[in-house]
Amino acid sequence: EPCQVCGDIGFVDLIMTCFYCRDVREHTYCAKVHLMSPPDMWLCEVCRSSGRVLHVPSLVDKDTKDLTTDHGASGSKISGESSEKGSSSYTSPIDPEEADDQGPGVTPPSSK
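Under my numbering, the residue at position 108 of the sequence shown is numbered 108, and the numbers go up by one with no gaps.
What the hints contain is simulated information worked out from the structure, not anything from laboratory work. Please read these numbers as outputs of a predicted model, since none were measured by experiment. Note that the Cβ used here is the ideal one computed from N, Cα and C, for glycine as well. One or more hints might be untrue.
Stated by the list, open to error - Quick list of the computed label-pair ranges, beta carbon to beta carbon:
1) I9 with S50: 24 to 30 Å
2) R48 with P2: 26 to 32 Å
3) D40 with G10: 16 to 22 Å
4) C6 with S49: 17 to 23 Å
5) C6 with V46: 16 to 22 Å
6) G7 with G51: 26 to 32 Å
7) Q4 with M36: 17 to 23 Å
8) I9 with G51: 29 to 35 Å
9) G51 with V12: 19 to 25 Å
10) G10 with M41: 17 to 23 Å
11) P39 with E1: 15 to 21 Å
All chains should be modelled from the sequences, with the hints used to inform the complete structure.
If you want it as structure tokens, here you go:
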């Protein structure tokens, strides 16, 4: 199928299809933001501006690994807070502001 911006087939390997709606097709060089190659997941302007959120497990897994690597080896911010409160285990919920920093699905370790 042709690019919906220029109407031409052009370089077929540079056509991106919207990951969400699967209806919109654009060349990387016809999109508002020019890209060198098509990304694995690209959203058209309509899907991106509608505020639709995608759950991408591989990105969540990557964030979780980064959290473990960055904070786990040198003593995490989470364990510091837990020990400052003097509790032997973490029982209070995560502050929403802190949750944004930690990534989705991260459970604080219990201190021992």
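Could you tell me whether the CB distance from P39 to E1 stays inside 15 to 21 Å? holds, 19 Å
Could you see if the CB distance from R48 to P2 stays within 26 to 32 Å? Because 21 Å falls outside the window, the suggested range is violated.
Per the hint of 24 to 30 Å, is the separation of the Cβ atoms of I9 and S50 within bounds? holds, 28 Å
Cβ distance range 19 to 25 Å for G51 and V12, holds or violated: violated, 31 Å
Starting from the hint 16 to 22 Å, judge whether the C-beta atoms of D40 and G10 obey it. holds, 21 Å
Just tell me: holds or violated, for the beta carbon distance of C6 and S49 against 17 to 23 Å? For C6 and S49 the Cβ distance comes to about 21 Å; the hint holds.
Range agreement (Cβ of M41 with Cβ of G10, hint 17 to 23 Å): holds, 21 Å
CB of C6 to CB of V46, is that within 16 to 22 Å? Cβ of C6 to Cβ of V46: about 18 Å, so the range 16 to 22 Å holds.
Range first: 17 to 23 Å. Now tell me if the beta carbons of Q4 and M36 are that far apart. Because 20 Å falls inside the window, the suggested range holds.
Please check whether I9 and G51 have a Cβ separation lying inside 29 to 35 Å. holds, 32 Å
In this structure, is the beta-carbon distance linking G7 and G51 contained in 26 to 32 Å? holds, 29 Å
Going down the numbered hints, you'll see the structure goes against 2, 9, while the others check out.
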